[in-house]
Amino acid sequence: MKHLLTLDNLPRAGLEALLDRAQAFADGADAREALAGVAVCTLFFEPSTRTRLSFQLAAQRLGAYVLNFDASTSSATKGETDLDTFRTIEAMGVRGFVVRHKVDGAVAALAAAAKPGVALLNAGDGRSAHPTQGLLDMLTLRQAKGKDFAKLKVLIVGDVKHSRVARSDLHALRALGAGEIRVCGPASLLPEDGTLQGCVATQDFDAALEGVDAVMMLRIQRERMEDGLIASLDDYHRDYGLTASRLRRAAPDAVVMHPGPMNRGVEITDDVADGPQSLILRQVGNGVAVRMAALEALLGN
Amino acid sequence: MKHLLTLDNLPRAGLEALLDRAQAFADGADAREALAGVAVCTLFFEPSTRTRLSFQLAAQRLGAYVLNFDASTSSATKGETDLDTFRTIEAMGVRGFVVRHKVDGAVAALAAAAKPGVALLNAGDGRSAHPTQGLLDMLTLRQAKGKDFAKLKVLIVGDVKHSRVARSDLHALRALGAGEIRVCGPASLLPEDGTLQGCVATQDFDAALEGVDAVMMLRIQRERMEDGLIASLDDYHRDYGLTASRLRRAAPDAVVMHPGPMNRGVEITDDVADGPQSLILRQVGNGVAVRMAALEALLGN
Amino acid sequence: MKHLLTLDNLPRAGLEALLDRAQAFADGADAREALAGVAVCTLFFEPSTRTRLSFQLAAQRLGAYVLNFDASTSSATKGETDLDTFRTIEAMGVRGFVVRHKVDGAVAALAAAAKPGVALLNAGDGRSAHPTQGLLDMLTLRQAKGKDFAKLKVLIVGDVKHSRVARSDLHALRALGAGEIRVCGPASLLPEDGTLQGCVATQDFDAALEGVDAVMMLRIQRERMEDGLIASLDDYHRDYGLTASRLRRAAPDAVVMHPGPMNRGVEITDDVADGPQSLILRQVGNGVAVRMAALEALLGN
Numbered sequence: 001m002k003h004l005l006t007l008d009n010l011p012r013a014g015l016e017a018l019l020d021r022a023q024a025f026a027d028g029a030d031a032r033e034a035l036a037g038v039a040v041c042t043l044f045f046e047p048s049t050r051t052r053l054s055f056q057l058a059a060q061r062l063g064a065y066v067l068n069f070d071a072s073t074s075s076a077t078k079g080e081t082d083l084d085t086f087r088t089i090e091a092m093g094v095r096g097f098v099v100r101h102k103v104d105g106a107v108a109a110l111a112a113a114a115k116p117g118v119a120l121l122n123a124g125d126g127r128s129a130h131p132t133q134g135l136l137d138m139l140t141l142r143q144a145k146g147k148d149f150a151k152l153k154v155l156i157v158g159d160v161k162h163s164r165v166a167r168s169d170l171h172a173l174r175a176l177g178a179g180e181i182r183v184c185g186p187a188s189l190l191p192e193d194g195t196l197q198g199c200v201a202t203q204d205f206d207a208a209l210e211g212v213d214a215v216m217m218l219r220i221q222r223e224r225m226e227d228g229l230i231a232s233l234d235d236y237h238r239d240y241g242l243t244a245s246r247l248r249r250a251a252p253d254a255v256v257m258h259p260g261p262m263n264r265g266v267e268i269t270d271d272v273a274d275g276p277q278s279l280i281l282r283q284v285g286n287g288v289a290v291r292m293a294a295l296e297a298l299l300g301n
Numbered sequence: 001m002k003h004l005l006t007l008d009n010l011p012r013a014g015l016e017a018l019l020d021r022a023q024a025f026a027d028g029a030d031a032r033e034a035l036a037g038v039a040v041c042t043l044f045f046e047p048s049t050r051t052r053l054s055f056q057l058a059a060q061r062l063g064a065y066v067l068n069f070d071a072s073t074s075s076a077t078k079g080e081t082d083l084d085t086f087r088t089i090e091a092m093g094v095r096g097f098v099v100r101h102k103v104d105g106a107v108a109a110l111a112a113a114a115k116p117g118v119a120l121l122n123a124g125d126g127r128s129a130h131p132t133q134g135l136l137d138m139l140t141l142r143q144a145k146g147k148d149f150a151k152l153k154v155l156i157v158g159d160v161k162h163s164r165v166a167r168s169d170l171h172a173l174r175a176l177g178a179g180e181i182r183v184c185g186p187a188s189l190l191p192e193d194g195t196l197q198g199c200v201a202t203q204d205f206d207a208a209l210e211g212v213d214a215v216m217m218l219r220i221q222r223e224r225m226e227d228g229l230i231a232s233l234d235d236y237h238r239d240y241g242l243t244a245s246r247l248r249r250a251a252p253d254a255v256v257m258h259p260g261p262m263n264r265g266v267e268i269t270d271d272v273a274d275g276p277q278s279l280i281l282r283q284v285g286n287g288v289a290v291r292m293a294a295l296e297a298l299l300g301n
Numbered sequence: 001m002k003h004l005l006t007l008d009n010l011p012r013a014g015l016e017a018l019l020d021r022a023q024a025f026a027d028g029a030d031a032r033e034a035l036a037g038v039a040v041c042t043l044f045f046e047p048s049t050r051t052r053l054s055f056q057l058a059a060q061r062l063g064a065y066v067l068n069f070d071a072s073t074s075s076a077t078k079g080e081t082d083l084d085t086f087r088t089i090e091a092m093g094v095r096g097f098v099v100r101h102k103v104d105g106a107v108a109a110l111a112a113a114a115k116p117g118v119a120l121l122n123a124g125d126g127r128s129a130h131p132t133q134g135l136l137d138m139l140t141l142r143q144a145k146g147k148d149f150a151k152l153k154v155l156i157v158g159d160v161k162h163s164r165v166a167r168s169d170l171h172a173l174r175a176l177g178a179g180e181i182r183v184c185g186p187a188s189l190l191p192e193d194g195t196l197q198g199c200v201a202t203q204d205f206d207a208a209l210e211g212v213d214a215v216m217m218l219r220i221q222r223e224r225m226e227d228g229l230i231a232s233l234d235d236y237h238r239d240y241g242l243t244a245s246r247l248r249r250a251a252p253d254a255v256v257m258h259p260g261p262m263n264r265g266v267e268i269t270d271d272v273a274d275g276p277q278s279l280i281l282r283q284v285g286n287g288v289a290v291r292m293a294a295l296e297a298l299l300g301n
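Protein chains in written order, with full-length UniProt numbering: chain H, 1 to 301; chain D, 1 to 301; chain G, 1 to 301.
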């Protein structure tokens, strides 16, 4: 593995090795010299403070030098192409790049131009992929439900069409052999391409919840309302908001996940978000662990 | 002490222990491994570069990992509640939070929600408290005048009503048993609650200055003029600006302090700010030392 | 050397010693404890992400604590004078300052006020100087052409009048005894003061290129068009854009340099920028090395 661009092409063994190492970090394994002398740059063409902080902390815990370039402010690049911006920082001797971009495939395009020994980690590109989010979701699921995904029924709910989180979760769930993958949302927010291959798709949230072991909620963007893809946030909440009473349709020990930041009262209610079945903050903690594992795998000696 | 939210409830012995340790740091004590492996995040819901830099340097000098989250830019939090923002970063494994907030009590509210082992340091909330500023002011006074505060006459001048600096200074001066505390400013900028308990309050700056050992000037915000609380900056300077001739009313070895940034020519003139009685830059240096002491006390092993 | 403000007053031996040390860093020399315990602050009154990143990485590789103050956003300084901002950070115990400023001489003015033991590195002031750019350009030339500059013909092309890069390059080329220095650009962009002393100046790009060993292109700012100093970017490209066919007029092994960021298709075409004679990315890598050398020389033990 030279870069981490998507989970789509990652074999099950490689994915599980990453999760095993991430679990070790979650358990407190120390590797504070693993990236000693290595420079890592967060290069965000689209802003995201949470993901950036998580990667920064992961890189620091491995002993790396950490730089930050917020390329989303126009003055930062003075009309330079993204490729020139990347090549310039690469030429400084930076070996690891954590890149977020609005455009599908933009991170892969930069990776294709990278010098040998330089690794890119996709921190989210367009609607395509957010592989470390997929990894942290799998680690969280594994901690709660064990390593045998074949017996699991997992439900993903919301704006799957525009969600790189959902796509990376789907890639990983398939690779790990999840028993049943259900996907639920309004027709306008379900993708019509091959994304849902092998999934059971439905618009009926109550039916979809029946007996599932895990409910993975997605953030609904307000822009979807402006785009006419949903009628209103109230309507969305009525049809696709996860409430305590709805959650009772799932398996009694079902777990609830959300990539954050949450729209409380829209896609999820407070009592569910903060309730005993919620793993939402556990996901965040696992984020640092999987990013340490990914950085170490790509850049460690 | 689990958090440092205010100096109001800090016993004299605890306060003096912090000052003693800060003095050791000011004298060059090395503790570069004290927070090794500990992550500290500056979480500013209101911007302040100076205070943030001072805390960042203090945390780095103790060997901590340092993260920065400028939550004052709206896109950073995407409509998340402050509590969710805090809990998310806490879930990453961050153990120390340096928090500034516009709203009184907001930092205490986050501290109440913190997990065991997590410490919050209030870097200024509303008009309530700015405890490390109070500490650094006391350290500066102590260096200049000795540890026996009972023989000191201290004057605080300006917009006490809206000043968290003044409140933390008052808390600390009382705890350390200052001999006499005078407070001076226009009636519109003097608080009417219990803030001035035990102080001598006056609107007459010249009278207030007579024989004091220390003059602590406050920054006047231009907004006070827009709010109609002061007539003009010229008027304010005439009545409450510290000039060299006015300073002669104080004790001959009186010291002058200001939390910065200064409005030169308004609350203080150049010759006083840069004169031999000014400790203003000394205060800044002591700021790093007291923040090291506070971080170590809360987060050290 | 207490500060690095300009290359104008630097003797040849000092300049060559810096380049020798920078070469060692470019070759992988390790000095990760050279600035242990030393705090360095990038203090930019004019934004520049590339130069800031390069200095940050250089300081980190030497083991320094690194702070960043973007003083170009107005709220950061709250109406404070530049001198007060500088003195405040200096009072925190910061010993190294990397300063960029719009105004000629502004960095030197701050340096004149610095305490003993505190060093300023000019990261670009007005049109005056950008000494580390000059150094990295010389290092790059030396790597390509050897240490004997007496046999070199060097051409600088573009907006020399407004360019601190050109001025620092001219200082360094003279100090190192370059055989011939040519300068080329439209009359409106050539300086009329003593800047071009000892240079051959011309408006004819084709003639200027004949037989040169190095072509140093400058970035053309779009503002020059708005100011009426150039007719259009198309016209500028026609007259002063470096194309592959034009480059054939230079010596067969001539090298091409550019300080970045490039306006591709304006002052330089893609095939030249990315071609075999281009040293543009090598320059960027050398930037970290010369900044390490400069920081170590000024702040190391």
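Simulated from the structure, these hints should not be mistaken for lab results.
Please read all numbers here as calculations on a predicted model, not as lab measurements.
Any given hint could turn out to be false.
[To be verified] With a straight-line cut-off of 20 Å between C-alpha atoms, the simulated EDC-like cross-links for lysine to aspartate or glutamate are:
1) D:K115 x H:E46
2) G:K78 x D:D253
3) G:K78 x D:D148
4) H:K78 x G:D27
5) H:K78 x G:E223
6) G:K78 x D:E223
7) H:K78 x H:D27
8) G:K115 x G:D82
9) G:K145 x G:D234
10) H:K78 x G:D270
11) D:K115 x H:D206
12) H:K78 x G:D234
13) D:K115 x H:D193
14) D:K147 x H:D270
15) G:K115 x D:D27
16) D:K115 x H:E226
17) H:K115 x G:D270
18) D:K102 x D:E226
19) D:K145 x D:D253
20) G:K115 x D:E223
21) D:K78 x H:D234
22) G:K78 x D:E46
23) D:K2 x H:E223
24) G:K78 x D:D70
25) G:K78 x D:D234
26) H:K115 x G:D70
27) H:K115 x G:D234
28) G:K115 x D:D270
29) H:K78 x G:D70
30) H:K78 x G:D227
31) D:K145 x H:E46
32) D:K78 x H:E46
33) D:K78 x H:D27
34) H:K78 x G:E46
35) G:K78 x D:D27
[Said to hold, decoys possible] From the structure, some residues in chain H lie toward chain G, with a derived Cβ separation under 10 Å:
36) C41
37) Y65
38) V66
39) F69
40) T77
Built from N, CA and C at the ideal position, the CB exists for glycine as well.
The hints, checked one at a time:
For the given pair, D:K115 sits about 31 Å from H:E46 by alpha-carbon distance, which is inconsistent with the 20 Å threshold. A C-alpha spacing of about 31 Å is found between G:K78 and D:D253, which places the hinted pair above 20 Å, so the restraint is violated. Proposed proximity of G:K78 and D:D148 is contradicted: the alpha carbons are some 36 Å apart, above 20 Å. For the hint linking H:K78 to G:D27, the alpha-carbon distance of about 31 Å lies beyond 20 Å, and the restraint is violated.
Proposed proximity of H:K78 and G:E223 is supported: the alpha carbons are some 13 Å apart, at most 20 Å. Between G:K78 and D:E223 the CA atoms are separated by roughly 12 Å; this keeps the pair inside 20 Å, and the hint holds. With a C-alpha separation of about 44 Å, the suggested pairing of H:K78 with H:D27 is violated against the 20 Å cut-off. Among the hinted pairs, G:K115 with G:D82 is consistent with the structure: their alpha-carbon atoms are about 16 Å apart, no more than 20 Å.
Using a Cα cut-off of 20 Å, the hinted pair G:K145 and G:D234 is violated, with the two alpha carbons roughly 33 Å apart. At most 20 Å may separate the alpha-carbon atoms for a hinted pair to count; H:K78 and G:D270 meet this at roughly 17 Å. For the proposed pair D:K115 and H:D206, the alpha carbon gap of about 35 Å is over 20 Å, so the pair is violated. Among the hinted pairs, H:K78 with G:D234 is consistent with the structure: their alpha-carbon atoms are about 19 Å apart, no more than 20 Å.
Taken as a hint, the D:K115 and H:D193 pair is broken in the structure, with Cα atoms around 44 Å apart against an allowance of 20 Å. Between the alpha carbons of D:K147 and H:D270 the distance comes to roughly 51 Å, so the proposed pair goes past 20 Å and is violated. Of the pairs offered as hints, the one joining G:K115 and D:D27 holds, with about 18 Å between alpha carbons and a cut-off of 20 Å not exceeded. Note on D:K115 and H:E226: the hinted pairing is violated, with a Cα-Cα distance of about 39 Å set against a maximum of 20 Å.
Under the criterion of a C-alpha separation no larger than 20 Å, the hint pairing H:K115 with G:D270 is consistent with the structure, at around 19 Å. Proposed proximity of D:K102 and D:E226 is supported: the alpha carbons are some 19 Å apart, at most 20 Å. Distance hint between D:K145 and D:D253 is fulfilled; the C-alpha atoms sit about 10 Å from each other, no more than 20 Å. Proximity of G:K115 to D:E223 is assessed by CA-CA distance (about 35 Å); at most 20 Å being required, the pair is judged violated.
Distance restraint check for D:K78 and H:D234: the Cα-Cα separation of roughly 19 Å lies within the 20 Å cut-off, and the hinted pair is therefore satisfied. For a cut-off of 20 Å, the pair hint linking G:K78 to D:E46 stands: about 13 Å separates their Cα positions. Between D:K2 and H:E223 the alpha-carbon distance is near 42 Å, which puts this suggested pair outside the 20 Å criterion. Proposed proximity of G:K78 and D:D70 is supported: the alpha carbons are some 17 Å apart, at most 20 Å.
A threshold of 20 Å between alpha carbons decides the hint, and for G:K78 with D:D234 the separation of about 19 Å falls inside it, so the pair holds. This hinted pair does not check out: H:K115 and G:D70 have alpha carbons roughly 31 Å apart, beyond 20 Å. For the hint pairing H:K115 with G:D234, the CA-to-CA distance comes to about 33 Å; that exceeds 20 Å, so the pair is violated. A threshold of 20 Å between alpha carbons decides the hint, and for G:K115 with D:D270 the separation of about 19 Å falls inside it, so the pair holds.
Simply put, H:K78 and G:D70 have alpha-carbon atoms about 17 Å apart, close enough for the 20 Å limit, and the pair holds. For the suggested pair H:K78 and G:D227, the alpha carbons sit about 19 Å apart, so the restraint of at most 20 Å is met. Straight-line distance between C-alpha atoms of D:K145 and H:E46 comes to about 53 Å, which puts the hinted pair past the 20 Å bound. Simply put, D:K78 and H:E46 have alpha-carbon atoms about 13 Å apart, close enough for the 20 Å limit, and the pair holds.
In summary, the hint linking D:K78 to H:D27 is not supported, as the alpha carbons are separated by about 31 Å, beyond the 20 Å threshold. With a C-alpha separation of about 13 Å, the suggested pairing of H:K78 with G:E46 holds against the 20 Å cut-off. The straight-line distance between the Cα atoms of G:K78 and D:D27 is roughly 31 Å, outside the 20 Å bound, and the hint therefore fails. With a least beta-carbon distance of about 8 Å to chain G, the hint placing H:C41 at the interface is held under the 10 Å criterion.
Interface restraint check: H:Y65 against chain G, minimum CB-CB distance 4 Å, threshold 10 Å, status holds. Using the Cβ-Cβ criterion of 10 Å, the hint placing H:V66 at the interface with chain G is satisfied: the shortest such distance is roughly 8 Å. Interface restraint check: H:F69 against chain G, minimum CB-CB distance 6 Å, threshold 10 Å, status holds. Evaluation of the H:T77 hint against chain G yields a held restraint, the C-beta minimum of about 7 Å falling below 10 Å.
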